[in-house]
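Add chain B to chain A, keeping to what the hints say.
Residue numbers (the numbering used here), protein chains in the order written: chain A, 1 to 214; chain B, 1001 to 1256.
FYI, nobody ran anything at the bench for these hints, they're computed from the structure.
Careful: at least some of the hints might be erroneous.
Capping the alpha-carbon separation at 25 angstroms, the derived lysine to aspartate or glutamate pairs in DMTMM-like fashion look like this [as the list claims (entries may be wrong)]:
id, chain 1, residue 1, chain 2, residue 2
1, B, Lys1090, B, Asp1203
2, A, Lys184, B, Glu1150
3, A, Lys170, B, Asp1132
4, A, Lys170, B, Glu1176
5, B, Lys1073, A, Glu3
6, A, Lys184, B, Asp1105
7, A, Lys170, B, Asp1091
8, B, Lys1073, A, Asp61
9, B, Lys1217, B, Glu1227
10, A, Lys170, B, Glu1227
11, A, Lys184, B, Asp1108
12, A, Lys177, B, Asp1135
13, B, Lys1222, B, Glu1174
14, B, Lys1073, A, Glu4
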Amino acid sequence: MIEEKFAYGRSFIHGLDPKTRIIASIALSFAAALCDNIYIATGYFIISIILIAMAGLNPIDVIHRLKPLFWFLLMIWIILPLTFDGDIMYRFHWFKITEQGIILCCKITIKSITILLIFTALIATMTVASLGNGLHRLYVPDKMVFLLLMSYRYIAVIEEEYKRLLRAAKFRGFNPKTNLHSYKTFAYLAGMLFVRASVPGHVVPWIQSKVPYS
Amino acid sequence: MKLCGLEKILGLRVTDNSSIIKLEDISYSYPGSNIRVLDHLDFEINKGDRIGMMAPNGSGKTTLLHTIMGLCKPESGTIEVFGKLLENEKDFMPVRSKIGLLFQDSDDQLFCPTVLDDVAFGPLNLGFSPRDAIDTARNTLERLGIQSLEGQVTHRLSGGQKRLVALAAVLAMEPEVLLLDEPTAGLDHKVKEKLIHILNSLDISYFVISHEFDFAKAVTDKIYSMENGKILTDDEIHIHHHEHVHKHGKHPHNHK
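Just chain A, with the same shape it has in the complex (with noise of 0.2 angstroms):
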């Protein structure tokens, strides 16, 4: 099961109708995405966080969330600067760091944590069903929302049988290395993940028991 850590609290933002909180968090996505200005976009991150507290989460949390967006902008801090052509800062033989580099990471960095910050505190303070249920009303097509409910549950469904398998591979002693046979065994892995996915009858009774219907 995919964890909804912050779906559930008694904020004012929890208690926001979700169709509400889709369309401010698209609102606000856009607008600090499409600003040039580096002064805008922090005045969007400031609102951002903002909304982190006013959603009550705890930060340390949030972190950790945000952590894969983090090793992607650590990408960009090492790239930008030194290939993004401009006014050289400083110079070390062959390296050159451009201000206008610099700029365009803080840009990044900025804009990236905002939205996402914005979507932790509006998104992910519903539960899936709640954010289908809202898209629902803002007449997303039925078999849109459908398709995202779905994905939701086989994401979890598969996320579980990809590690039962590997459990059971690495009770038989697995220890994948850079070899064929390792290979091959990640192969069989999700080819068998292929074969239990379409047996309807192993996966749906596990996807019944962990809907609660009402």
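Same frame as chain A, now just chain B:
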């Protein structure tokens, strides 16, 4: 040494009391739960032991096996396997290939396309050459009398066949101890008989979790139970088969 040879010739079970698995003061609760599934539990499997475990669902039997295999990290206590203290994933990794765990659901255990691939998987992980791994797999299948299944697709096998193939996959690694989690669940009488025969012919220690008294009695020397996260050994419990006649048996009645 000579005595051991004589015992083998006479068909006696060699019992040397060196400890294979030793759990001391183990406590474990699942994340987000306050209930202790294992509560200051002590457990030991010695060489030559054939132990059965009968306990209600949810008493922590499978959790105990997962703790031995290093899947559940205990909150307290120590796990010693083959005299070595196991604390982290690195410690557990080499030990796992010497402990054969038969899963409750064979579908969770078999993932290779054919039976032969699956049985040869363990030996390959042990460093056997592909040819030796295939030979070992064929020998194991033959030993269990299921050599006819070698070319079959694993997910198309019947429940009983899957269980036997899963056992073959475990035995092909020549483990020093076997942990069997409800090996007879959902099997018919014929496969159960076969399983009893196979287990009785093994000369390694094993620990069997089962809900079936007849099966547990047929393959083990002692039966333990579990209650409140602790193991109850022979001295405390006497699991036995009980039949009786009632004067008014056809009328509904309660037992006290």
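Status of the hints after comparison with the structure:
1. Restraint check for Lys1090 of chain B and Asp1203 of chain B: not satisfied, since their Cα atoms lie roughly 29 angstroms apart, outside the 25 angstroms limit.
2. The hinted pair formed by Lys184 of chain A and Glu1150 of chain B meets the criterion: a straight-line CA distance of about 19 angstroms does not exceed 25 angstroms.
3. For a cut-off of 25 angstroms, the pair hint linking Lys170 of chain A to Asp1132 of chain B stands: about 21 angstroms separates their Cα positions.
4. This hinted pair checks out: Lys170 of chain A and Glu1176 of chain B have alpha carbons roughly 17 angstroms apart, not beyond 25 angstroms.
5. Between the alpha carbons of Lys1073 of chain B and Glu3 of chain A the distance comes to roughly 21 angstroms, so the proposed pair stays at or under 25 angstroms and holds.
6. For a cut-off of 25 angstroms, the pair hint linking Lys184 of chain A to Asp1105 of chain B stands: about 23 angstroms separates their Cα positions.
7. Of the pairs offered as hints, the one joining Lys170 of chain A and Asp1091 of chain B holds, with about 13 angstroms between alpha carbons and a cut-off of 25 angstroms not exceeded.
8. The hinted pair formed by Lys1073 of chain B and Asp61 of chain A meets the criterion: a straight-line CA distance of about 23 angstroms does not exceed 25 angstroms.
9. Simply put, Lys1217 of chain B and Glu1227 of chain B have alpha-carbon atoms about 20 angstroms apart, close enough for the 25 angstroms limit, and the pair holds.
10. For the hint pairing Lys170 of chain A with Glu1227 of chain B, the CA-to-CA distance comes to about 30 angstroms; that exceeds 25 angstroms, so the pair is violated.
11. Distance check on the hinted pair: Lys184 of chain A and Asp1108 of chain B sit about 18 angstroms apart at the alpha-carbon level, within 25 angstroms; holds.
12. For the given pair, Lys177 of chain A sits about 24 angstroms from Asp1135 of chain B by alpha-carbon distance, which is consistent with the 25 angstroms threshold.
13. For the hint linking Lys1222 of chain B to Glu1174 of chain B, the alpha-carbon distance of about 24 angstroms falls within 25 angstroms, and the restraint holds.
14. At roughly 24 angstroms between alpha-carbon atoms, Lys1073 of chain B and Glu4 of chain A fall within 25 angstroms of each other, so this suggested pair holds.
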